[in-house]
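Engineer: In the order they appear, the protein sequences are chains P and D. Quick note on numbering: our numbering labels position 72 of the first sequence as 72, and the sequence is numbered without any gaps. Quick note on numbering: our numbering labels position 27 of the second sequence as 27, and the sequence is numbered without any gaps.
Just so you know, not all the hints are guaranteed correct.
So the derived list for chain P, only partly shown, Cβ under 10 Å to chain D, looks like this [said to hold, decoys possible]:
hint, residue
1, G24
2, Y86
3, G116
Keep in mind the hints are simulated off the structure, nothing from the lab. The C-beta atom is built at its ideal place from N, Cα and C for all residues, glycine as well.
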Amino acid sequence: MSALPRPSPKVSQAAAFATLWVMGAAVVVPGVAVLAIVFVKGGRAITWAMLASVEGGLLPAIAGTAALVMLTALIAAPVGVAAAVYLSEYARAGALVRLVRLAIVNLAGVPSVVYGLFGLALFVTLLQFGRCLLAGACTLALLVMPLIITASEEALRQVPSRLREASYALGATRWQTVRRVVLPNALPGIMTGMILSVGRAAGETAPILFTAAFFSLTDPFPKSLLDPIVALPYHLFVMATEAPGVAEADKWATATVLVALVLALNLMAVVLRARLRRGRRW
Amino acid sequence: MRSSARRAWEWCVGILIRAAGAAAIVFVVLIFGFLLRDALPVLRTTPVGEILAGRSWLPTSAPPQFGMLPLLLGSLYVTAGALVISVPLGLGAAAFISEVAPPWMREILKPTVEVLATIPSVVLGFLGLLLIGPWLAEVLNLPVPLFAGLGSLMLAFMAVPTIVSVSEDAIRAVPRALRENSLALGATRWQTIRRVVIPAARSGIIAAVLLGLGRAIGETMTVLMVTGNAAVIPEGFDGFLRPVRTLTATIAGEMGETAYATPHYHALFTIGLMLFIITFATNTIADIAIRRSGGMTR
Numbered sequence: 001m002s003a004l005p006r007p008s009p010k011v012s013q014a015a016a017f018a019t020l021w022v023m024g025a026a027v028v029v030p031g032v033a034v035l036a037i038v039f040v041k042g043g044r045a046i047t048w049a050m051l052a053s054v055e056g057g058l059l060p061a062i063a064g065t066a067a068l069v070m071l072t073a074l075i076a077a078p079v080g081v082a083a084a085v086y087l088s089e090y091a092r093a094g095a096l097v098r099l100v101r102l103a104i105v106n107l108a109g110v111p112s113v114v115y116g117l118f119g120l121a122l123f124v125t126l127l128q129f130g131r132c133l134l135a136g137a138c139t140l141a142l143l144v145m146p147l148i149i150t151a152s153e154e155a156l157r158q159v160p161s162r163l164r165e166a167s168y169a170l171g172a173t174r175w176q177t178v179r180r181v182v183l184p185n186a187l188p189g190i191m192t193g194m195i196l197s198v199g200r201a202a203g204e205t206a207p208i209l210f211t212a213a214f215f216s217l218t219d220p221f222p223k224s225l226l227d228p229i230v231a232l233p234y235h236l237f238v239m240a241t242e243a244p245g246v247a248e249a250d251k252w253a254t255a256t257v258l259v260a261l262v263l264a265l266n267l268m269a270v271v272l273r274a275r276l277r278r279g280r281r282w
Numbered sequence: 001m002r003s004s005a006r007r008a009w010e011w012c013v014g015i016l017i018r019a020a021g022a023a024a025i026v027f028v029v030l031i032f033g034f035l036l037r038d039a040l041p042v043l044r045t046t047p048v049g050e051i052l053a054g055r056s057w058l059p060t061s062a063p064p065q066f067g068m069l070p071l072l073l074g075s076l077y078v079t080a081g082a083l084v085i086s087v088p089l090g091l092g093a094a095a096f097i098s099e100v101a102p103p104w105m106r107e108i109l110k111p112t113v114e115v116l117a118t119i120p121s122v123v124l125g126f127l128g129l130l131l132i133g134p135w136l137a138e139v140l141n142l143p144v145p146l147f148a149g150l151g152s153l154m155l156a157f158m159a160v161p162t163i164v165s166v167s168e169d170a171i172r173a174v175p176r177a178l179r180e181n182s183l184a185l186g187a188t189r190w191q192t193i194r195r196v197v198i199p200a201a202r203s204g205i206i207a208a209v210l211l212g213l214g215r216a217i218g219e220t221m222t223v224l225m226v227t228g229n230a231a232v233i234p235e236g237f238d239g240f241l242r243p244v245r246t247l248t249a250t251i252a253g254e255m256g257e258t259a260y261a262t263p264h265y266h267a268l269f270t271i272g273l274m275l276f277i278i279t280f281a282t283n284t285i286a287d288i289a290i291r292r293s294g295g296m297t298r
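Same shape as in the complex, but just chain P:
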């Protein structure tokens, strides 16, 4: 080691920056490559008949996932947005707020399979929903709650305080101000958070493993909230691991539809957010 002369600062900077360039590329390139592989392999495999047919097709899984994420959003939105309103408009800094934030961080970090256990214990077993759409949606609603709260709070905080002050000056109460002034102005930001959480819920498998999903080719559509559902991520899991004799093309097609759905939702949120940042000048 000591035989080597210490490189000059310029040389070591060049070496270090080259390494950083490589690391930057190493983070992005494999990810983009993975997406490309999925789309190329799946693109070849997808046929219209497959997307739209019930037996052996993906229609039940797409419908099931759509129903699941919409119900999830419906359950999570009121509580999540109200919690964000609390943090941004009602709460005063203190131990309670500190505790609420710590709870949100921890909710976001609970492993998804643990949410599945919780859903199994509370919704499926104790409340006797059984393995069904409703139990799965309740479980996923908890999982996306931190995402909705964080995004909505950010949107609420971006509403300038002079709008609130103007409303108070006109004699409005706190709730009137929130409902008529703050919430409408924060709505696009809140919607972005909702779309992100729907995208998250659509891709999750572990939480619905024991609470909502089943694999069926004969009777795949739920007739009520208390029926189990066929969902895209679980469908892919079963096709990839358990179901015998599934054609490889069908597996790739399922993966592609799932990735396309999740990506489309996330890109929608990214575009909406970018437009918000550019468009709003208070």
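With chain P fixed as given, assemble chain D onto it according to the hints.
Structural biologist: Below, chain D without anything else, positioned relative to chain P:
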């Protein structure tokens, strides 16, 4: 009259909103409570030491054995491997994005990393199972296509976006003045990054690593699909090239065929409780570190 009705309404809404605010705390307590409730039957009959250090996980034999050591070590192996890959890569990429990359590239890289974070874990598991595992086994001449190291690789893929975005926030939060002072003293940009910016962002970077760790240890579908699911105790470096079984994969793989309220059922909840405690500790420490690094909200 109207104004008193309004005041009552205002009061009710205030109560509801405060209740929703406290809901997050209630949910955490509920999750812990329900895990504990269904773990207790096992915790009562088997000493904790025996559960944690027991070397065999045979939940359906008679009498059942709930030794979680193989599963704990399985999780540890897969997670450690994932961190060895993702921490240097994630930190390097974060430093690159915030300090080295030209602005237009930063505008592309940040959202790309965010989008990569959203790829469902079942899809990564699927790719590992069908494509990357068989390919690696052939190239490296391995006996099996599903092994602990493959789990590490796929998990690194999931942990990297978390590490990049949290540590990038931390690096960016370092005041400009610090950089300028260092440059004015004649340091090169790299010396400034290494000796000034990174140390100043230390707390945030620790938080990033911890959050990545939490993400990796709690990941379920990917490891269930690619690590081969053999509940054996991994040993030495060779352990990375053999199948293992993690805590999460055990729950996901076995709960489906477990009858309600059997010892096996309660043992799986005990694993869930253990996971909850591990991630709770990691996330709480990460949160403290983030707060110390200067008031970032995420």
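Engineer: Does each hint hold? Answer for all of them.
Structural biologist: Evaluated hints:
1. Interface hint status for P/G24: upheld, as the beta-carbon distance to the closest one in chain D is roughly 4 Å, under 10 Å.
2. Annotation: interface hint on P/Y86 holds; nearest CB of chain D at approximately 3 Å, less than 10 Å.
3. Nearest Cβ of chain D to the Cβ of P/G116: about 7 Å, under the 10 Å cut. The hint holds.
When each numbered hint is compared with the structure, no violation occurs for any of them.
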